[in-house]
Amino acid sequence: MVEWTDEERAAISDIFSKLDYDDIGPKSLSRCLIVYPWTQRYFGGFGNLYNAEAIMNNPLIAKHGTTVLHGLDRALKNMDDIKNTYAELSVLHSEKLHVDPDNFKLLSDCLTIVIAGKMGNAFTPEYQASFQKFLSVVVSALGRQYH
Amino acid sequence: MVEWTDAEKSTISAVWVKVDINEVGPLALARVLIVYPWTQRYFSSFGDVSTPAAIMGNPKVAAHGKVVCGALDKAVKNMGNILAIYKSLSETHANKLFVDPDNFRVLADVLTIVIAAKFGAAFTPEIQATWQKFMKVVVAAMGSRYF
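Chains as they are written, first to last, in the working numbering: chain H, 1 to 147; chain R, 1 to 147.
Calculated from the structure, these hints are not laboratory results.
Only a predicted model underlies this, so the values are computations on that prediction, with no experimental measurement involved.
Nothing false has been slipped in among the hints.
Using 27 Å as the maximum straight-line C-alpha spacing, the simulated DSSO-like pairs for lysine-lysine come out as follows:
id : chain 1 : residue 1 : chain 2 : residue 2
1  : R       : K66       : R       : K9
2  : H       : K118      : R       : K118
3  : H       : K118      : R       : K9
4  : R       : K74       : R       : K118
5  : R       : K133      : H       : K105
6  : H       : K105      : R       : K136
7  : H       : K77       : H       : K18
8  : R       : K18       : R       : K136
9  : R       : K118      : R       : K60
10 : R       : K74       : R       : K87
11 : R       : K66       : H       : K118
12 : H       : K118      : R       : K133
13 : H       : K83       : H       : K133
14 : H       : K105      : R       : K118
15 : H       : K118      : R       : K136
16 : R       : K133      : H       : K133
17 : H       : K133      : R       : K136
18 : R       : K66       : R       : K77
19 : R       : K60       : R       : K87
20 : R       : K118      : H       : K133
21 : H       : K118      : R       : K18
22 : R       : K118      : H       : K18
Far from chain R, some chain H residues (derived; all Cβ distances over 10 Å):
id : residue
23 : R9
24 : I24
25 : F43
26 : F46
27 : L60
28 : D80
29 : K83
30 : E88
31 : H98
32 : P101
33 : L135
34 : R144
35 : H147
Just so it is clear, CB atoms sit at the ideal spot from N, CA and C, and this is done for glycine as well.
Isolated chain H (complex conformation) (with noise of 0.2 Å):
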């Protein structure tokens, strides 16, 4: 089991308290289709992804990304059982959404970086490494149920 110090939950709740989920979420979903080109096959049903403007202004992708980033609340809610919180979903991505769950890994990455973006020198490296360890927790909890 995944154990956290008081710092660790501070940290994440800190960063997640500061969060705009409305602004985060869209940006990160949308870096990373335009980062990660190959992601924007599972969004075949969204419209217009040719190129970069079109994907930061497509209105499918943003509601998906704040849709996305609610998605990370249930962990923080359940940060001591996060592997059984996100069965369910995992199931869910692996048989009917057919989702590489390397590309849970691909979206941790743009949404460390967009924060980092926003929190400039408040994302100390304590706060990274507490928020790393986090997405990775969630990352593989999101990958548990293929197979």
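Dock chain R against chain H, hints included.
Structure of chain R alone, referenced to chain H:
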């Protein structure tokens, strides 16, 4: 051979010209040692690296951060020739320093985060994509003499 468009070359130069090696180098290396603590094993002769505060204040870590970032300067100025430029540095890291080449990617990721935190919104998705391509080529070149 790696192909760079004119836009990519000018993006990398434009990013790099705003980077103060003496500031970013130390910050990035310290962050690596804090966020990925196993990397401290390479710096046991550097004195106190036992806590984040010790690492951030350690003058040898800072000096080495500047050296590493300074080496990136060569790549920025010779983007068509990165493999050749890093041949001997790669051999040194492989045969003398015994650095696991995974760590080059780790440092590249951290450098990207430090730059994102510094540039904020100016580190657009397109710039991130180009920067990550550059980092990937540098990391590959640094690993190229490992067998």
